[in-house]
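**Q** Build the complex from these two chains, which are given one at a time in their own frames, with help from the hints.
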Amino acid sequence: NAGVTQTPKFRVLKTGQSMTLLCAQDMNHEYMYWYRQDPGMGLRLIHYSVGEGTTAKGEVPDGYNVSRLKKQNFLLGLESAAPSQTSVYFCASRPWRDPRGNEQFFGPGTRLTVL
Amino acid sequence: QQPVQSPQAVILREGEDAVINCSSSKALYSVHWYRQKHGEAPVFLMILLKGGEQKGHDKISASFNEKKQQSSLYLTASQLSYSGTYFCGTEGQYGGATNKLIFGTGTLLAVQP
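As they're listed, the protein sequences go chains C and D. Position one of the first sequence corresponds to residue 1 (my numbering), numbered consecutively onward. Position one of the second sequence corresponds to residue 1001 (my numbering), numbered consecutively onward.
No wet-lab data here; the hints were simulated from the structure. Possibly wrong hints are sitting among the right ones.
As the list claims (entries may be wrong) - Below 25 Å or equal to it, Euclidean Cα-Cα: the simulated DSS-like pairs (lysine-lysine) are:
{"no.": "1", "chain 1": "C", "residue 1": "Lys57", "chain 2": "D", "residue 2": "Lys1026"}
{"no.": "2", "chain 1": "D", "residue 1": "Lys1068", "chain 2": "D", "residue 2": "Lys1055"}
{"no.": "3", "chain 1": "C", "residue 1": "Lys9", "chain 2": "D", "residue 2": "Lys1037"}
Chain D on its own, in the form it takes in the complex (with noise of 0.2 Å):
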């Protein structure tokens, strides 16, 4: 059940742009992205919360394609704040409700200058 997210390390240039991208087996009602710095609670970035839905947060994005059950985020230009390792998390039907989230393993982005 536990989403799969690639790559699981990336390492850019600061103005470098990265896709982490989500794929689920299951059907989904939404998918969760966090960005978690090194001893710290995850942060929200974004929620998508139907298929084709695209959001975005500065220069960070991300993409929903519910009929493949998969999610992309991409960061531009990346500043050296992107740094830390990115959750998708995903919210299904399951047990008939859609109570919880089911975290990825993460990827672990470092920009440096």
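Bound conformation, chain C alone (with noise of 0.2 Å):
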């Protein structure tokens, strides 16, 4: 199993550009859910999905959206790119209940910057 791969891992865009992060995981897990890691601020989340066809907010929406299309995908979209967007994105999974406690399984994450 690959557990869950991101792509890109680097990229950098000038401010107005679009762009779409792609998360995948291959363990059949409902939730997914994006975070962006800034210095100091530890790991914000930004949209998360609890299944196949639903999105909901997260901390700090604003400026991105989501899609889940398909169970193993949860896409983020930047439509319009801002230097206050330059960070280190992280997709996680996990399954919809576990007794052993809700473990969130983690990408390598995509490192973006805005220029």
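**A** Written out as structure tokens, the structure is:
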């Protein structure tokens, strides 16, 4: 199993450009999450999904959109990138319910720079 | 809503002990602990599911005081490999469901030879 994978690993954008980050998981997990990580801020939740076709806002959703058309994929879109969106983006997934606790499994991250 | 971690940073010598605290202003369902090495993804350490629960993994253990909405991570006889940033993630009744984690800002731990 590959676990959680993210594409691309690195990207540089100019202000105003758009892009989509792809997260894929092969563990048949229901829940998927997008976080951003900035120095000194920890991990902040952008959007999440509790199942195929559903999405919900997290702590910092402005400027981002998401889609979950297939259970294994969760896409994060930036329609018009801004320098404030320079960050490391992590995707995570977890099963619907695990009696041992709802551990989240993280992808390797995408480092995005907006000039 | 973001849990508060303390201390923000700690420097240890190999073999010394450390305690990292995590406290929340909200009632909690569970507390998760992760460690992150520089440039890597967070790695799961353990979950504490109910008040008073204590868990251990090697020489790293944790406790959860549900009444105080606090958790502590204990690192004993620290090793160089323990270096990294430690995050707690709290799972509470956000909007009536326990669907998401809110992470603290992290504690940077540096273990020196």
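**Q** Below or equal to 25 Å on CA atoms is what counts here, so check Lys9 (chain C) against Lys1037 (chain D).
**A** holds (17 Å)
**Q** Does Lys1055 (chain D) sit within 25 Å of Lys1068 (chain D), going by the straight-line distance between their CA atoms?
**A** Holds, at roughly 18 Å.
**Q** Does Lys57 (chain C) pair with Lys1026 (chain D) here, judged by a C-alpha cut-off of 25 Å?
**A** Measuring from Cα to Cα gives roughly 19 Å; hence the hint holds.
Checked against the numbered hints given earlier, this structure breaks none of them.
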